[in-house]
Amino acid sequence: MNRNRLILIFGYFLLNLVFGTGCWDSRELDELAIISGIGVDKEGDKFNLSFQIINPTGLKGGEGGGNQGSGGGGTETFVVAQSTGRTIFDAVENVRNQIERIPFFSHNEVIVLGRQLAEEGIYPGVDFFLRSPQPRPTQWVLIGSEKAGDILRPKAEMEDTSARALKLLVDFGRQSWVPAINLEEVNAAMTQKRGAYLIPIVRVQGDKGKLFLDGSAAVMKRDKMVGEVNPGESRGLKWMKGEIRNAVVVSELPNQQGLVSTRIFLNRGSIKVNLTPEGIPRVNVYVYVEGEIEDMSGKFNLTSTPGMDLVKKQVALAIKKEIQSAFQKARSLNADFINIGRILYQNHPQVWEDMEHKWDEIFPEIRAHVTVGVSIWRVGEVSKPAISE
Amino acid sequence: MKLEKGRIGLKGTVLIMIGYIYGSTAILSPGVGVGQDAWVAQTIGLGLALIVVWVNTLLLARFPGQTFIEINERVFGPYAGKFISLLFLWYIFHLGSIVLIDHLDFVRLMIIPLTPAEVVVFLGILPCIYAAYKGLEVIVRTGQVLVVFTLLYFGLITLFQVQSYDFANFKPFLVTPFPKLAWAGLTAASFPYLETVVFLMILPFLNQQNKVRVAVYLGLFFGGLVVIWSIMRLILVLGDTAVNYVYPSYYAVRIINIAELLNRFEILAAMNYIMIGFLKVTVLLYAAGLGWAQLCKCQDYRPLLLPLGALMALVSLNNFEHVVGNFEFTTQVYSIYALPFSAGLPFLVLVGAWVRGLPGKVKNK
Amino acid sequence: MFSLLFKKLKFLQSLISKPEAPSSPREDPLTGNLVKDLAAFRKQVGDSPDIVVREFNISHNISAAVIFIDGLVLDPLVNQHIMHPLTQLNEHDVVYKKGRDLFDSLKNKLLPVGSIREESSLTKTIERVFTGATAILIDGSKKAILTYIPGWERRSISEPDSEIVVKGPREGFVETLRTNTALLRRKIGHPGLTFETLVIGQRTRTEVTIAYLNGVAHPKLVQEVKRRLERIKTDGILNAGYIEQYIEDAPFSPFMTVGYTERPDVAAARILEGRVAILTEGTPVVNTVPFLFVESFQSPDDYTFRPYFTTLTRWFRYIAFAGSVLSPGMFVALTTFHQELLPTPLLISMAAAMEGTPLPAVGEALVMGLIFEILREAGIRLPKAVGQAVSIVGALVIGEAAVQAGFIGAPVVIVVAFTAISSFAVPKQFDVGALLRVVITILAGLFGLYGILIFLIITFTHLVSLRSFGIPYLSPISPLMPKDLKDVLVRAPAWAMVTRPESLDISDPVRQEFDLMPGPENDKKNQKN
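Protein chains in written order, with this note's numbering: chain A, 1 to 389; chain B, 1001 to 1365; chain C, 2001 to 2529.
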């Protein structure tokens, strides 16, 4: 009898627990404001956040033809809301004054950081996204050429949201020019005390506001932007890391014989840091690429081995130039975005201990020796150009 | 009279030992403080633990088929023996509450952040009480399947993470100063390896009593391998940023993204953590229940489980002020706090038994 | 909860005065005086129109009576084989002594009937007559002759409605116990196939036969089955389902621990594996014990098709079972708790589809689940022609219109439809699936995946703790029996299944020789040389 009473009491509390309270974390889909892109700007000492929010009702009608059918109804596929606050989370709370739904970050595709913020230090701008369990660590981080809010406003022509379009641009561009970096990698890069890293820069072009991502990137030291690299320089870095998956190298043939474009689809790279007997680090870069000839503007005859050798040599030269330009830029900005310091630390920890505090003086002096191996197997369907002698 | 009639097999015991050892390390990833040498620290810890558990195996070999509580009473008599048993039971109970809050904190931070802690904890202790109520055989048979699932999950994640492995993260090798490394090793020995002291309450029910030593060593060794590999994976994927995150291994799973298709695996990770936490808490709760019943000479241990479980949940809610306190305790205080219980008590009892020459009595019986 | 109820019932029972116990078969010997015996008989059975008592004389002076139940015996045969020889006896054929000699000569010489039996107790005689025997009482003999010429209307053997196969035999069990035992005999020719009969039910007097293979089935198992069957003291067993409930191991568990089949080949296969079959008179369903969880996922067709394909289908069944139990709950958990786990495009299209529906997701899932269960129930019990109308109304009106009107989101309909289809893929665990599904959906609505997981762990622990006749319910999986996984994770070819299931703990584990892999004769020779 006693035991039964105990079970009854326990069961009563259990039932109360289950039904008397409620479902605290439950959020219906139509209570959510699904954010697809965030822009973070700094204005004075305040943060200005722009949210690109997906509008499901806008997507409901024109399921077949994307968002272009919105001409009749006029419902947008996304809306942009802006808010300001002293911290990021403050701004997130403030945006709830304007939008009637709960901001939901898990499906955010890109974070665009304004240039102002980048120059003052991005950490305050990304800490919330690292700390909150909602945003995914794999979303891309970009830096807006000016205001991040302006990047998110234009409509995408083929995608539902421009954030999605931006993400796809990065996905594609990272195979060649764009030194794409995601939130987790930004966090990892920021922990490097002496190193630097790149964050791609996105621009808006033209009157219609077309997004443009060409591979130019901001050079960051810890969390501050110290300079900018052009597409060639950022690709120089990617050659060394072996990150190129699908890139075109246009190289010049000697004696005005025209241009040859090679598509590179395989890339290996390694950076070795040796010490000279005097104890100065010397960098050796080995890069190997494989590709195929896609187009050739001259009448150069490709039917011989010496001919192929010449093309390979020119491709290697072009790649080497890009790599050297990356080194050049790194030295001139005194920003070690090639991470030589880290490689030195990993292989010669004692040496690094001595050098670490005067790394800023040593780094500009470092010279690199670049070796590029090229393999070209296919030349396409044309063996001998029609206009060749 | 015997409180537990079930008998458990060697395979199952080894498997639940693996799960038990992997238990909270799955979430907390101890030792990332020493950076890329964390796995060395874990290896040292495992080595130390392998030496220390020799004591446990000797003890079990001297008193086959008897739990630690029974051995205590035999060796030190009713009063001193009970006192030592009480210390042991406190340790098991407290450990259970810590494990419970570790796992459920994770649930609260990552899965259902707004649900009150009380609800999460009491819901979490329910299956543990139920399984402990069903007896040792059911615990082992349930546990072994969960552990097999865990190992499958482990293999899957290892496979998916391959693309983000950076073997340079291991370099430079062994630059941590030795005292720091040794300290980390000692910490690792205490958490998780020596927590297996609770198996002094479970191994007596092994169906082949001559295989106790084999079970202890196989379980510890393979459990250690799993833990070491999980730490190595963490270093490979996150490098030295692992220390920046509260739940590094969960984070390492979140960043898996293969071809925009194989991603969002954290659900598997979370399920795995809950399952393995359930196993660990169940083993501890069962051992605590059985221990109290033997201590108080109860007819049955099962009525004790509900109050013990509820108490464990309550204690776990009030163990720490905040999650930072929890981490502080786990990484800095726990190892020292636990060592006297997990290594000291068995040693003390073994010495006592040796001095009093007690194994002879067993033969007389 | 159930145990509480049970105790309450017990308490109530103690309040009510004990009901009158059904008349126990008391020893009541035949007197040898026909008039007296018949009077006693009539007194016991009353005067029902279907009881035929035909009194006549053997030769001149010996009166005798034939008793049978009209409809239970084959009239023409009774006339031909019993009435005819007895009434046509000449004086010189009969030894003019009453009693023993006459009785013996009748029994040994005169009755051209195969199945014959003596009975000296009136009560037992009545019992037999009421189960289809024809009794012959002779004045002066203290024993009755019982012959069996059963002839009631019985259904012919036909293909069972459930457990339909593509390649296997088409016959199914029928309601007649004797036919069923014959079906089993025809499958298993070995004399080791043993039948043992018990009579259960004080009023229905239902014959229950257990069948097992002597030397293969564990004697302890047979003993245990008999013990449990003998325990049953109830007034009526109308159905094999009654037996199941009296002998199962875990009466409060939602999982069934007694197997059933309508097919003789399945029953024979289980008997060959060392299980015990329980055949109940009046039911075309045969129970088999012990029943393991993995058996729910096996189908007779698995053993007739190619192993690769059946391995695949078996995995489909596992997935279907998981899907039928989990999918509404997972849907609720994913759409209301863990939206981050859905791929972005899917989430957006789901959000678009569920925009503006009045109910929360958990409500939608529960309502649609309820509608499905009602539809299914209605479809089963109705005549086939009406059943179609039900499904049209269900599919069109409820599915289509509810989505069109915006009451229900389209994803819910898809999920419920998937659940429904998957639940039909594993018919044996259909009932449990429906039950678990509802609980999981509610828990998912309250706690999301955490609730689901906690409930799954409890369910799994429960499954592990179950036993069916001493054999762990989840047997080849936990405790792990690696040898038995040949019929669980994969379906090994017939020649590779060398051993009988180890998990059943049987006396004779080896089923066949090891070296049975087929192949051209030459290759074999080469291998041996």
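Hints are computed from structural coordinates only; laboratory data are not their basis. Do not take every clue at face value.
[Said to hold, decoys possible] Below are the EDC-like pairs computed for lysine to aspartate or glutamate, each with C-alpha atoms no more than 20 Å apart in a straight line:
1. B:Lys1171 to A:Asp295
2. B:Lys1171 to A:Glu146
3. B:Lys1005 to C:Glu2502
4. A:Lys193 to A:Asp360
5. B:Lys1171 to A:Glu353
6. C:Lys2233 to C:Glu2127
7. C:Lys2220 to C:Glu2502
Here is how each hint holds up against the structure:
For the hint pairing B:Lys1171 with A:Asp295, the CA-to-CA distance comes to about 43 Å; that exceeds 20 Å, so the pair is violated. At most 20 Å may separate the alpha-carbon atoms for a hinted pair to count; B:Lys1171 and A:Glu146 exceed this at roughly 40 Å. At most 20 Å may separate the alpha-carbon atoms for a hinted pair to count; B:Lys1005 and C:Glu2502 exceed this at roughly 23 Å. Taking the CA atoms of A:Lys193 and A:Asp360, the gap is near 11 Å; set against the 20 Å cutoff, the hint holds.
A threshold of 20 Å between alpha carbons decides the hint, and for B:Lys1171 with A:Glu353 the separation of about 14 Å falls inside it, so the pair holds. Taking the CA atoms of C:Lys2233 and C:Glu2127, the gap is near 17 Å; set against the 20 Å cutoff, the hint holds. A distance of roughly 16 Å separates the Cα atoms of C:Lys2220 and C:Glu2502; the hinted pair therefore holds under the 20 Å criterion.
Against the hints set out earlier in the document, violations occur for numbers 1, 2, 3.
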